[in-house]
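Take these sequences, add in the hints, and give me the full structure.
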Amino acid sequence: MPLKMPEPAREILDKRREIVRGLRSIVPGEGVIDTPEQMRVYETDGLTAYRQMPLVVVLPETVEQVSRILDYCYRRSIKVVPRGSGTSLSGGALPLADGVLLGLSKFNRILDIDFENRTVTAQPGVTNLAITRAVESRGFYYAPDPSSQIACSIGGNVAENAGGVHCLKYGLTTNNVLGLEMVLVTGDVVRLGGKHLDSEGYDLLGLLTGSEGLLAVITEVTVRILRKPEGARAMLIAFGSSEAAGQCVADIISAGIIPGGMEMMDRPAIHAVEEFVPAGYPLDAEALLIVELDGPSVEVDHLIGRVEAIAQKNEASSLRVSTNEAERLLFWAGRKAAFPAAGRISPDYLCMDGTIPRRELPKVLHGLKALSAKYGLRVANVFHAGDGNLHPLILYDANKPEELARAEQFGADILRLCVKHGGVLTGEHGVGVEKRDLMPEMFSKGDLEQQQRVKCAFDESGLLNPGKVFPTLHRCAELGRMHVHKGEVAFPDIPRF
Amino acid sequence: MAEAGAAIKDALKRRESLEVLGLGSKRAIGRPSEATDILDLSFNKGISIYEPQELVLSAKAGTRIAEISALLAGESQMLAFEPPDFAELLGTGSGSLGGNLATNLSGPRRLKAGAARDFILGFSALNGSGEPFRAGGRVVKNVTGYDLPKLMCGSWGTLAVMDEITIKVMPKPETEISVCISALTHEASIRAMAAALQSPAEVSSAAYLPKTDFEESRTMLRIEGVEASVRARASHLQDLLKPHGSLSLLDEASSLDFWRDVRDVMPLASLRDAHIWRISVPPSESAVVMARIRSTVETRYYCDWGGGLLWLAVPPDPEAHGQVIRGAISSGSGHATLIRAPANVRRSVPVFQPQPKALAELTRRVKTSFDPERVLNRSRMYEGV
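Chains as they are written, first to last, in the numbering used here: chain A, 1 to 497; chain B, 1001 to 1385.
These aren't lab readings, by the way, just hints derived from the structure by calculation. Where is the CB? At the ideal position from N, CA and C, for every residue including glycine. Be careful, since some hints might not be right.
Derived DEER-like restraints, expressed as beta-carbon distance ranges [unchecked claim]:
1) B/1271 - A/297: 43 to 49 Å
2) B/1271 - A/138: 38 to 44 Å
3) B/1247 - A/315: 45 to 51 Å
4) A/315 - B/1174: 26 to 32 Å
5) A/113 - B/1174: 32 to 38 Å
6) A/312 - B/1364: 55 to 61 Å
7) B/1297 - A/297: 45 to 51 Å
8) B/1331 - A/282: 57 to 63 Å
9) A/28 - B/1365: 31 to 37 Å
10) B/1251 - A/62: 53 to 59 Å
11) B/1037 - A/7: 43 to 49 Å
12) A/405 - B/1331: 53 to 59 Å
Here's what the structure looks like:
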């Protein structure tokens, strides 16, 4: 099914030149981009299957400019799509033909490093990795490490509640953010939290994190930084079946061990990766686990012994423990190259992102095999095994007619399968446009309406990033009266897409 | 819950407010109730799912924390955020899961493990229109839709009536010990705690108890984990802290007792007439804030969370010395909550930190998005909300 976005407003498209002039009066010089050649780089994000040229791109440099841009758009009912580095895998930053694309790439300064309180305050365009780079000389780091960390921005991380391979032990973005400055659609600037813990009042910080650019534009972020663990060692454990690997993961957790990272790959993924980065992965394995333990060396050595025993009990077919830092990084090199490796064995791939209760893994993998046969498309699985976050990579060729559509249907069926087994549509990539139309698989009409009423509390006119997350647009007035009209659809003319 | 839904709809029709009541353990916190009726939810209890291997537990909101903790302990697991028990402090009973999450109160391990809000995964509830909805999920990693579970935490029952809640649980540390530094000033203690927290010792709690008539001040640092690691880290920590003062060690039993008392505000609970404040500031500002307050008001106090959490007891006062206490906190750099005071005091001084205008308006709109006629715990947090 082709993606449907809200119908562009003719009256906005007609006023394009006037809007460009208006934005230039707020952001002078090169900060407003309106030529097709220059706007081209903004037409898509990490979900490259969808492309759309924006109305105009604006790259403000100050909070005041952001506030004035939003005020300008709000008064004229112009839609706004915020964008960080554009690495979203769910189309969160996909532009709108009648929308201003508000890029935050010029907000690229780290504002404060505070070792005493163990915090960093940064502008939203600073990359995830740059925060760690700024504090690592003193032995600190910023824990969430999405695989795009070299490019993705901290503002985007907050908008998407980005994860990474270490989040079972160290949490997602939401568990590591202490404060925000945000600009509401009206242009009002609001600060939440700070360097102190557990700000009082409604947890709007928690709400904003993962709100996918639908509630406000983030202009400053304060995160907590952690002391780097004293050391880390990784284990490569191979199994003859995914069931055995899954049981090993369950037994490790049951034993009270929370590894710094615990990743699983299935046979197709192992083969794709080993061909791309020879990391010495065993090619005869059905499932491979990477278990990383971190902390003081006495603790790491002790826990490695216990994990070895658990692996042997679960009939591991081979087991290697890294003996030095180079070997640890080599163990990870394969896993970290899983996506480009998939890109090498197939012209295109779709990366899915469901989470399931871990015990359901064998059943879900079994279901995946059946779906793979049904759609005639190959799939390789990488899996954040510790927290049940599954990334099936659907391999397809966009140049073959209908194959993208087939891959998308396959992907949708995978996510339905996850929900059927007690899981969710997305563990860390966000809903965006990609999973928008699947939301009713997981939520009832009433659930979605409650979420949309929250959206209305921030953005009554629906101008911030419309067409993302929610499969149906509602007028806020209609939602507000829901308790009176109980269940009736009061405005049948409202666009459903 | 069908009856609760009907009661909410009925109150909505009459535009009246209901007091949302679980086990009532924290009922005395907040602005005095404006409700005409009580929505008694104490019946809504029981653990429905506990899967130790998945680190997940689901229970009805009215389930006792004690019951959950006991079940978890049987599998060597725990609620990592250490829900405090204010039975002594407030002279009430112990609390429920729903009450603990709705108030987002966390104990000493919050410093390392995160707050109550970091452990909620999903919930079902009734909104202020009496309509059921749910959000979140039953898995530990989920970004599908807005994080309404977090929004419930710290909303003090003003947004929705939670029915069933799913939380993330964690393995219990094998053992713990604490390193004690004696006789430091508040400022010196903050420096010692900062040094410890910047070290790789993985300190999970850090508190400062000032000098009293009976004993010298104590700066306490807690280390948890597998035994060999705990011993190694404690020894590193002792080496690091030697220049800061005279050191001693608390064994596991003493350490457990000490941190439970800190969690439950026991150092101040027995000061029966005193008003009790809870203040959160950046640790580096802790000593300055206390010095400002103590230059005007006589207080007993202690700090948790590396100095960032201040618990204060002040002599009775019609406004609980609110102006002095809030005036001592730099703007936007913390908050003060009045946790214990008689109803007339809680009516005359804002119990929760007053918000700047734009944030207050946003708060009001978020409230309305769940509870348009302000049926649920009206004005408990902010007047009219």
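Going down the list of hints, with the structure as the test:
Taken as a hint, the range 43 to 49 Å holds for the pair residue 1271 of chain B and residue 297 of chain A, whose Cβ atoms sit roughly 46 Å apart. Against the hinted window of 38 to 44 Å, the Cβ-Cβ separation of residue 1271 of chain B and residue 138 of chain A comes to about 41 Å, which satisfies the hint. At about 48 Å, the beta-carbon gap between residue 1247 of chain B and residue 315 of chain A stays in the expected band of 45 to 51 Å. In this structure the supplied range 26 to 32 Å holds for residue 315 of chain A paired with residue 1174 of chain B, their Cβ-Cβ distance being about 27 Å.
Between residue 113 of chain A and residue 1174 of chain B the Cβ separation comes to about 35 Å, which falls inside the hinted range of 32 to 38 Å. About 60 Å separates the C-beta atoms of residue 312 of chain A and residue 1364 of chain B, a value consistent with the hinted range of 55 to 61 Å. At about 49 Å, the CB distance of residue 1297 of chain B to residue 297 of chain A agrees with the hint of 45 to 51 Å. One distance hint, 57 to 63 Å for the beta-carbon pair residue 1331 of chain B and residue 282 of chain A, holds here, with the actual separation near 60 Å.
Taking 31 to 37 Å as the suggested C-beta distance range, the pair residue 28 of chain A and residue 1365 of chain B conforms, at roughly 34 Å. A C-beta distance of roughly 56 Å is found between residue 1251 of chain B and residue 62 of chain A, which places it inside the suggested range of 53 to 59 Å. A beta carbon spacing of about 47 Å between residue 1037 of chain B and residue 7 of chain A agrees with the range 43 to 49 Å that was offered as a hint. Taking 53 to 59 Å as the suggested C-beta distance range, the pair residue 405 of chain A and residue 1331 of chain B conforms, at roughly 55 Å.
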